[in-house]
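K.L.:
These are the residues of each chain, in order.
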Amino acid sequence: MKMAKENNVKLHGMWASPYVKRVEIALKIKGIPYEFVEEDLVNKSQLLLQYNPVHKKVPVLIHNGKPICESLVILEYIDETWKNGPPLLPQDPYKRAKVRFWTSFVEKELFENLLLVARSEGEAQEKAIKVVFEKLQLLEEGLKDLFQGETYHIDGETMGILDIVLCSLFGAHEAQEEVLGVKFIDPEKFPLVCSWVTALTEVTAVKELRPPHEKLVAVLQFIRQRALQASAA
Amino acid sequence: MAEEGVKLFGTWASPFSRRIEVALKLKGVEYEYIEENLTNKSPALLNYNPVHKQIPVLVHNGKPVAESFVIMEYIDETWKHNPILPADPYERAMARFWAKYIDEKFWPAAKKVLVTKGEEQKGVIDEIQQQMKNLEGELKEKKFFGGESFGFLDIAANIIIWLVVAQEALGMEILNEEKLPILHGWLQRLLNDAVFKECVPPKERHLDFFKVKFGSSIASK
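Top to bottom, those sequences are chains Z and Y.
Residue 232, in numbering that gives the first Met the number 0, is where the first sequence stops; the numbers in between run on with no holes.
Residue 220, in numbering that gives the first Met the number 0, is where the second sequence stops; the numbers in between run on with no holes.
It should be emphasised that the hints constitute simulated quantities derived from the structure, not laboratory data.
Careful, some of the hints might be misleading.
[As the list claims (entries may be wrong)] Listed below are the simulated DMTMM-like cross-link pairs for lysine to aspartate or glutamate, each with C-alpha atoms no more than 25 Å apart in a straight line:
1. Lys9(Z) to Glu137(Y)
2. Lys111(Y) to Glu106(Z)
3. Lys132(Y) to Glu147(Y)
4. Lys107(Z) to Asp144(Z)
5. Lys126(Z) to Asp144(Z)
6. Lys65(Z) to Glu31(Y)
7. Lys82(Z) to Glu135(Y)
8. Lys56(Z) to Glu126(Y)
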């Protein structure tokens, strides 16, 4: 009989961080028990600084005492280490490449520009909003290819790394709309993206991990105010 | 009319397309190389990478893959001999972590150092040297980041070669044996490797490239 490998999993994170949310969703989907350590990002723990000296950021996953940093790196690590749960990536190398490509796209092109929208106003914000719409259009086109090639389907319960990353960005789209006054997840402009995001928000793991709407609105307002004050100074 | 074989769209001076050349040569994969002119991109490139319109793009049996790390992982998963990533998931995570660091922190700083001067440039140089010290912490006494032979992270770190050529072309002091002995030693081993050395731009042409493009914006020491 095989001895079960000791599996001690800790996650250092912060309740409102979308990057941390990605890791939580992955752990839940795989059915991996873990201890969540809430970090105060204004007063980071010694442990966090020790585990992530290079970036000093959350999330950090600690598996049997060994730290792994950067959410996308953590997701791949989880998939490669816990092979029993549902896979976070397809098997076929070409499909994996497509998923990784679009994950990188969402991370670099959408996330970054949405952050810009949140942190700016006036003309700068209008410019950033335009860029987000352009990137969403590219994603909408890309989804046609992904769904057609059967790299993808939404069945309401499974999620892979691309689903997780997109959900961590737009899962809170209602809070984003309320604070920023812009509707990005527009069913008329981006029907595929919209139906996908909607389906993802219904997945059990996502529902269980979503913070209350008012709290999300409050934290987004706080981030926005702080950024606007900093740029005005 | 199935398209067969492997094509690589790249440019001679791009560290990103050179990474793919290393990976393909390491695996002994035969490929057709297409040199792109980035001021006049081919319809084929625009067709294969409509999202970013960038090189490198690998086309395998007619199917395109873009983004250098995505391509490297694809190559490793498709041609399984001479693995580029280590077998152990934790070591794979470390390789991916530092590769990401190189592209997201080191590369922007390396580009910035070429277009800044005076105090601002000094600040960027300090930043780059700190980044390279961090990388030395990952390398330690190993021959390569990948161990006995080079791997994913060594290939990703090829940008350091570009920095070293740039510093020679423009009279900067950033990476030398005194300041960064571990990385300096690694660099010599990498440049002496039979496969790797075929995949760097020809030195003279590369020096000229930096002198012509950035020569006037660097303040003299």
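K.L.:
May I ask which of the numbered hints given earlier this structure violates, with the numbers listed in increasing order?
P.N.:
5, 6 and 7
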